[in-house]
Amino acid sequence: QQQVKQSPQSLIVQKGGIPIINCAYENTAFDYFPWYQQFPGKGPALLIAIRPDVSEKKEGRFTISFNKSAKQFSLHIMDSQPGDSATYFCAAIYQGAQKLVFGQGTRLTINP
Amino acid sequence: NAGVTQTPKFRVLKTGQSMTLLCAQDMNHEYMYWYRQDPGMGLRLIHYSVGEGTTAKGEVPDGYNVSRLKKQNFLLGLESAAPSQTSVYFCASSYWPKSTYEQYFGPGTRLTVT
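So the sequence lines, in the order shown, correspond to chains A and B. Quick note, the first sequence lines up with residues 243 to 354 if you use our numbering. Quick note, the second sequence lines up with residues 1421 to 1534 if you use our numbering.
The following block holds chain B by itself, in its conformation from the complex (with noise of 0.2 Å):
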């Protein structure tokens, strides 16, 4: 079981330039979550999924857009990298209904934007 797995693990982007992150899970988890963390922030959501081909806006979800068309994987796109997304960018995921809370976290990307 390799739980939550993250790719890629660090990435710097220009201004401007695109890219996807991926998140898996073998867990065959419903929910899966984005999130971003930055010093003093705390984590941040920033688009959620509660089952395969459903998505929904977190609290920053600006500037972001996922995918879910496989129950085991949550892309996160950036469709134009900004300075301001700067962050590291954890994925997890929890079984519904009776464990919602327990969220199982990948290790996280570290992207930066120059």
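Bound conformation, chain A alone (with noise of 0.2 Å):
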């Protein structure tokens, strides 16, 4: 019930398309959901969140979507480019927890 699981593992995008990525929960408890991005060498670093209360976000060229009813949300990136190609993670926290839940991660690549 602690799982967040996440697809597709890797995805392929030519330039200006539009990459999404899934990601589906079971604890009814999570209320807060982050995005990560990590580029090749380094760590992850944080993309964009979202509250349950709220059913898109955008910052950007991303939009998180979020369907309460189905305990799935969705990160899009509109006009991807090349330097978007990076591993995207998704993750879960509820109020009070000490740690985040992570996606298995979803290597993406924009080609030119």
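Wrong hints could be hidden among the right ones.
[Said to hold, decoys possible] Straight-line Cα separation of at most 27 Å, DSS-like style, residue types lysine-lysine; simulated pairs:
1. B:Lys1477 with B:Lys1490
2. A:Lys310 with A:Lys300
3. A:Lys247 with A:Lys310
4. B:Lys1491 with B:Lys1434
5. B:Lys1477 with A:Lys247
6. A:Lys299 with A:Lys313
7. A:Lys257 with A:Lys284
8. B:Lys1491 with A:Lys310
9. B:Lys1429 with A:Lys247
10. A:Lys284 with A:Lys300
11. A:Lys299 with A:Lys257
12. A:Lys247 with A:Lys284
13. B:Lys1491 with A:Lys284
14. A:Lys310 with A:Lys257
15. B:Lys1434 with A:Lys284
16. A:Lys313 with A:Lys284
17. A:Lys299 with B:Lys1429
18. B:Lys1477 with B:Lys1434
[As the list claims (entries may be wrong)] Here are some, though not all, of the chain B residues that point toward chain A, as calculated from beta-carbon distances under 8 Å:
19. Pro1428
20. Phe1430
21. Tyr1451
22. Gly1460
23. Gly1462
24. Leu1465
25. Val1470
26. Tyr1484
27. Tyr1515
28. Glu1522
29. Gln1523
30. Phe1525
31. Pro1527
32. Leu1531
[Claimed, not checked] Across the chosen pairs, the derived CB separations fall in these ranges:
33. A:Glu301 with B:Tyr1515: 19 to 25 Å
34. B:Thr1506 with A:Glu268: 42 to 48 Å
35. A:Pro324 with B:Thr1427: 40 to 46 Å
36. A:Pro294 with B:Asp1458: 28 to 34 Å
37. B:Ser1500 with A:Asp321: 21 to 27 Å
38. A:Ile254 with B:Arg1464: 24 to 30 Å
39. B:Phe1430 with A:Gln340: 45 to 51 Å
40. B:Gln1437 with A:Pro294: 43 to 49 Å
In short, the hints are calculated from the structure, not lab data. Glycine included, C-beta positions come from ideal geometry on N, C-alpha and C.
Could you fit the two chains together into a complex? Lean on the hints.
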């Protein structure tokens, strides 16, 4: 019940396309859902986050869509660029928890 | 502000050798974490600490020990390295209680055990 399942494991998209990464969870106590971005050779860094009372959040070209009833959330990257090539992790946490639960990660490649 | 730093960046060990990885943060964060990252396995939590002098087990604690003697430092020890511990190790920290979801990661340590 503590798991967050992420798909796909890897994704290749042409420049300008819209990659979509999906995550699903079981624990309805989760109340915060961050996404982390990791470039090769670097540590992950927080990209964008959403609470379940909001169905969508945009920051620049990155959008999180949230479906509370389905217990699913997804990351969309508009007008994707080769510089967006990275590994993306979804995560979840509930208030008072001491640690994040991470998805397995998606390795995204944007071809020029 | 250096953020989260890790020492060393790379290390090669022989099976059975021991070593300590050092993590330091200058953000006065309460919480600190050690993860390992392996291809296709994502980030797996080894141990974590919610304050100076405290430690707790994560999902893959076997073969590792940790200590948090000072708030800014979190040490990860391997007493007898095994090839299965070949991995990239990341340290992270976060501010309690409001922003536990925002973890700040170090640059990683690439460890190879032969």
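Original post:
Does 42 to 48 Å hold as the CB distance between B:Thr1506 and A:Glu268, or does it fail?
Top reply: For A:Glu268 against B:Thr1506, whose Cβ atoms are near 32 Å apart, the range 42 to 48 Å is violated.
**OP:** Double-check B:Gly1462 for me: the hint is only fine if its C-beta lies closer than 8 Å to a C-beta in chain A.
**Re:** holds, 4 Å
**OP:** Assess, step by step, whether the Cα of A:Lys310 is no farther than 27 Å from the Cα of A:Lys257, and give holds or violated.
**Re:** Cα-Cα ~31 Å, so violated.
Subject >> Interface hint compliance - B:Val1470 to chain A, C-beta minimum distance less than 8 Å >> reply: holds, 6 Å
Subject >> Per-residue hint verdict: B:Gly1460, partner chain A, C-beta under 8 Å >> reply: holds, 7 Å
Original post:
Measuring from the C-beta of B:Tyr1515 to each C-beta in chain A, is the shortest one below 8 Å?
Top reply: Nearest chain A Cβ about 12 Å off; hint violated.
Original post:
Under the criterion that the straight-line Cα-Cα distance not exceed 27 Å, is the pair B:Lys1434, A:Lys284 satisfied?
Top reply: Distance of about 25 Å is within 27 Å: holds.
Original post:
Is the hinted pair B:Lys1477 and A:Lys247 satisfied, with a Cα-Cα distance of at most 27 Å?
Top reply: holds, 22 Å
Original post:
Are the Cα positions of B:Lys1491 and A:Lys284 separated by 27 Å at most?
Top reply: Within the cut-off at roughly 24 Å; holds.
Subject >> Range hint 28 to 34 Å (beta carbons of A:Pro294 and B:Asp1458) holds or violated >> reply: holds, 30 Å
Original post:
Are B:Leu1531 and chain A close enough, Cβ to Cβ, to be under 8 Å, as the hint says?
Top reply: violated, 15 Å
**OP:** Take the C-beta atom of B:Phe1430 and the C-beta atom of A:Gln340, compute their distance, and say whether it sits inside 45 to 51 Å.
**Re:** violated, 30 Å
Consistency note: the structure conflicts with the earlier hints numbered 4, 8, 9, 14, 16, 17, 19, 20, 26, 27, 32, 34, 35, 37, 39.
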